[in-house]
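Chemist: Residue numbers (the working numbering), protein chains in the order written: chain A, 1 to 412; chain B, 1 to 412.
Some hints could be false.
Claimed, not checked - Think about it this way: if two alpha-carbon atoms lie no more than 27 Å apart in a straight line, the pair counts; the simulated DSSO-like pairs of lysine-lysine are:
no.: 1; chain 1: A; residue 1: Lys-196; chain 2: B; residue 2: Lys-96
no.: 2; chain 1: A; residue 1: Lys-78; chain 2: B; residue 2: Lys-2
no.: 3; chain 1: B; residue 1: Lys-246; chain 2: B; residue 2: Lys-231
no.: 4; chain 1: B; residue 1: Lys-246; chain 2: B; residue 2: Lys-196
no.: 5; chain 1: A; residue 1: Lys-246; chain 2: A; residue 2: Lys-231
no.: 6; chain 1: B; residue 1: Lys-384; chain 2: B; residue 2: Lys-366
no.: 7; chain 1: A; residue 1: Lys-366; chain 2: A; residue 2: Lys-196
no.: 8; chain 1: B; residue 1: Lys-196; chain 2: A; residue 2: Lys-96
no.: 9; chain 1: B; residue 1: Lys-412; chain 2: B; residue 2: Lys-250
no.: 10; chain 1: B; residue 1: Lys-78; chain 2: A; residue 2: Lys-196
no.: 11; chain 1: B; residue 1: Lys-144; chain 2: B; residue 2: Lys-2
no.: 12; chain 1: A; residue 1: Lys-412; chain 2: A; residue 2: Lys-258
no.: 13; chain 1: A; residue 1: Lys-2; chain 2: B; residue 2: Lys-412
no.: 14; chain 1: A; residue 1: Lys-78; chain 2: B; residue 2: Lys-196
no.: 15; chain 1: A; residue 1: Lys-250; chain 2: A; residue 2: Lys-412
no.: 16; chain 1: A; residue 1: Lys-2; chain 2: A; residue 2: Lys-258
no.: 17; chain 1: A; residue 1: Lys-78; chain 2: A; residue 2: Lys-144
no.: 18; chain 1: A; residue 1: Lys-366; chain 2: A; residue 2: Lys-384
Said to hold, decoys possible - Selected chain B positions facing chain A (in silico; Cβ < 10 Å):
no.: 19; residue: Ser-22
no.: 20; residue: Leu-91
no.: 21; residue: Val-95
no.: 22; residue: Ala-192
no.: 23; residue: Thr-224
no.: 24; residue: Glu-226
no.: 25; residue: Gly-295
no.: 26; residue: Asn-389
no.: 27; residue: Gly-390
What the hints assert, rightly or not - Cβ-to-Cβ under 10 Å is the rule here; a few derived chain A residues that face chain B:
no.: 28; residue: Ile-14
no.: 29; residue: Arg-27
no.: 30; residue: Asp-75
no.: 31; residue: Ala-79
To be clear, the hints were calculated from the coordinates, so they are not data collected in a lab.
Each residue gets a CB set at the ideal place from its N, CA and C atoms; glycine is no exception.
Protein chains: 2
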Amino acid sequence: MKYSTIVIGDELLIGQVTDTLSGWIARHLSPLGWEALSVKVIADDEHEIFQAVDEAFASTDVVLMTGGLGPTKDDITKATLCRYFGGEMVLNEEVKRNVDAMFAKRGLEMNRLTALQAMVPSSCRVIQNEVGTAPIMWFERDGKVLVSMPGVPRETQTMMERAVIPQLLGHFHSDVDIEYRTLVVIDYAESALAEKLEPFEQQLPSYIHLAYLPEHGVIRLRLTGEHSDGKLINDDMERLTAQLHKLLGKSIIASEDKPLPMIVGERLRQLGLTLSTAESCTGGNVAHVITQIAGSSDYFMGSVVSYSNDVKHRVLGVDTDTSETCGAVSQPVVEQMVSGACRVCGTDCAVATTGVAGPGGGTTEKPVGTVWIAARVGNVVVSKCFHFNGSRAQVIDRATTHALIMLLKLLK
Amino acid sequence: MKYSTIVIGDELLIGQVTDTLSGWIARHLSPLGWEALSVKVIADDEHEIFQAVDEAFASTDVVLMTGGLGPTKDDITKATLCRYFGGEMVLNEEVKRNVDAMFAKRGLEMNRLTALQAMVPSSCRVIQNEVGTAPIMWFERDGKVLVSMPGVPRETQTMMERAVIPQLLGHFHSDVDIEYRTLVVIDYAESALAEKLEPFEQQLPSYIHLAYLPEHGVIRLRLTGEHSDGKLINDDMERLTAQLHKLLGKSIIASEDKPLPMIVGERLRQLGLTLSTAESCTGGNVAHVITQIAGSSDYFMGSVVSYSNDVKHRVLGVDTDTSETCGAVSQPVVEQMVSGACRVCGTDCAVATTGVAGPGGGTTEKPVGTVWIAARVGNVVVSKCFHFNGSRAQVIDRATTHALIMLLKLLK
Chain A
1 MKYSTIVIGD ELLIGQVTDT LSGWIARHLS PLGWEALSVK VIADDEHEIF
51 QAVDEAFAST DVVLMTGGLG PTKDDITKAT LCRYFGGEMV LNEEVKRNVD
101 AMFAKRGLEM NRLTALQAMV PSSCRVIQNE VGTAPIMWFE RDGKVLVSMP
151 GVPRETQTMM ERAVIPQLLG HFHSDVDIEY RTLVVIDYAE SALAEKLEPF
201 EQQLPSYIHL AYLPEHGVIR LRLTGEHSDG KLINDDMERL TAQLHKLLGK
251 SIIASEDKPL PMIVGERLRQ LGLTLSTAES CTGGNVAHVI TQIAGSSDYF
301 MGSVVSYSND VKHRVLGVDT DTSETCGAVS QPVVEQMVSG ACRVCGTDCA
351 VATTGVAGPG GGTTEKPVGT VWIAARVGNV VVSKCFHFNG SRAQVIDRAT
401 THALIMLLKL LK
Chain B
1 MKYSTIVIGD ELLIGQVTDT LSGWIARHLS PLGWEALSVK VIADDEHEIF
51 QAVDEAFAST DVVLMTGGLG PTKDDITKAT LCRYFGGEMV LNEEVKRNVD
101 AMFAKRGLEM NRLTALQAMV PSSCRVIQNE VGTAPIMWFE RDGKVLVSMP
151 GVPRETQTMM ERAVIPQLLG HFHSDVDIEY RTLVVIDYAE SALAEKLEPF
201 EQQLPSYIHL AYLPEHGVIR LRLTGEHSDG KLINDDMERL TAQLHKLLGK
251 SIIASEDKPL PMIVGERLRQ LGLTLSTAES CTGGNVAHVI TQIAGSSDYF
301 MGSVVSYSND VKHRVLGVDT DTSETCGAVS QPVVEQMVSG ACRVCGTDCA
351 VATTGVAGPG GGTTEKPVGT VWIAARVGNV VVSKCFHFNG SRAQVIDRAT
401 THALIMLLKL LK
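Build out the structure end to end from the sequences listed, making use of the hints.
Modeler: Laid out in structure tokens, this is it:
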């Protein structure tokens, strides 16, 4: 089953807010065999909304729409959909009760603008929003369905899982099976991996497709199979995945799509080891990505972000003479930092970073992008100097990823 | 001048990668009066690319296209554009020299797939990619322009600034002036702010538009004006901005669009104060967002991420009895943490967080989303308990934002 997503909001078009909701929807519908044909981001504008819905209905039977449902004046989606599908704006008593209850629970008084939330087009069926005030609206025309949902990610995510996805699955059903397999690969540049896998790709059946999704030193290989015979696809996928494992060996660090910090966390948990970090140029980002994983408190104890030399010395015990002789961005300093983290946080393992994230602070000898990274497991310490390209944010991201890869290799 | 953006990539449609490049482009073209009419994300598929280009050309004279230019088999944009605009694929010597030089610089050998990068449609004019191997292609038809650029953000960002934007401005010129003003506001929920500003909105001239861009306790108010008379717009914008300042007073924390950590950083720099953080549930994210700002090492000294109680006690000096009596998520603990951060990192100010980010770890008394936050400036400590809704990532984000807002209010 194919669908189109329409994302409404001036704030997205001018780049002040990034659309992450369409990606969430895709990740949740893909495993059910629902495929996004396109995602179109448009302004809060009646003409644009009409045109986008026309285009989307021309190529798919389902349109999922997010955004443009707030009570403020710049949000016009509801009235526009009323004109598109016909009918008039009517008070929905159930929505009104829901908005009232929501405000009572939060101890707020309902103001006039929020009261407008209870007005909906008579041409839609309302799905109650159990976690917000903007109602979800289900429209149908000529066998096609449009569902309008809020732009607030949490509300739409919650209500898609509770109501919208089950109702879509009930309304439509597809007879093509789609299966995905994702392998997470390190050690290769994209083009080198593509060259290595060329013979493998050439023998793929026509209904199976291989995609490369590179991101900072980690490449996700995704096999997609589409066929009416589910058993055939499943068998093919097993066989092809086994072939890839044989070809790439230990460079495959996970056999399903999961973030690198989760792969590291699972390995630490398996081995019963604890982790800490000592961060200079990454400024806490390594700790942040590790603690984004639920349950990370089982193995992650803490971090010292030593942005100043004084904190490096006083908290992590980095020798002042070493810092002065070799500079803060150096192998001896990063190795003292990684050992300091283990000692201060009482952990078995640690990673440490010190470098020049930029845009200022670079020298001829140590230009912007120079980062020393160290990892320690037990008494073994490894360290390496990297030269990353890109902006400050990119240097921080890349250093973070490579710190985790270095640790993961040491844990093998 | 209006343009359309087309973003190509299966990985974006299935939600494995988030498109941030179209937002970057919008943020950089907006101040020049260039407005995105739509952003359409589509698959690496010839039919979809043809249709998206047709649709985009139907409503705008400029199409900016990103993605689909890698050397691997799933990237087919170049061949598709060759069929769309006519001509044949030819070897571009200058691109070949560029790819050779790029590989030589990195000490890599060029493989066959990468060599394909030098093949381009004869119907385009090539803009050399100075920071990558995929060439940028400029196509023209019937006075309309399509520019195809890589999906790698750094490459497209660098080359847009160096070449594409200047060439677009040279090729077209618009006679409507567009001006933006953004004010960053705290202390209000979106609907309360909208109600307060209703009289203000009602007297806005028809060519000026107000948008609300809320994000976790911070609302960006954006005024957009469009008129052929640049002086008129400019005067109106000055007058309206002054009115908003009068209406909202100290709730306006910045008069241009900048991230909260930058606003906090500028205030600290003004006052000559230094900052540190002590983080439990935010896991280093407060330090991370502070150090995303270039130059933050001037005022930010470091952080202790005390995920375990042991690190809270040993590094930050949190009293073990207090933790046991009140629990780690409590007012006395967060206040000891914030003072510990100042002491350990030798700073004038600090923020601290301790809470239940979820999804596990909640209790009836302290459910998921309960977060104690403290801020300290000199000898003044304030602390408050928050109850955030949402996923683990959202609780972490919200706690981070509110920690920075609490500090900013104390700095006023």
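Chemist: Which earlier hints can't be squared with this structure?
Modeler: The structure conflicts with hints 7, 13, 20, 21, 24 and 31, although it agrees with all the remaining ones.
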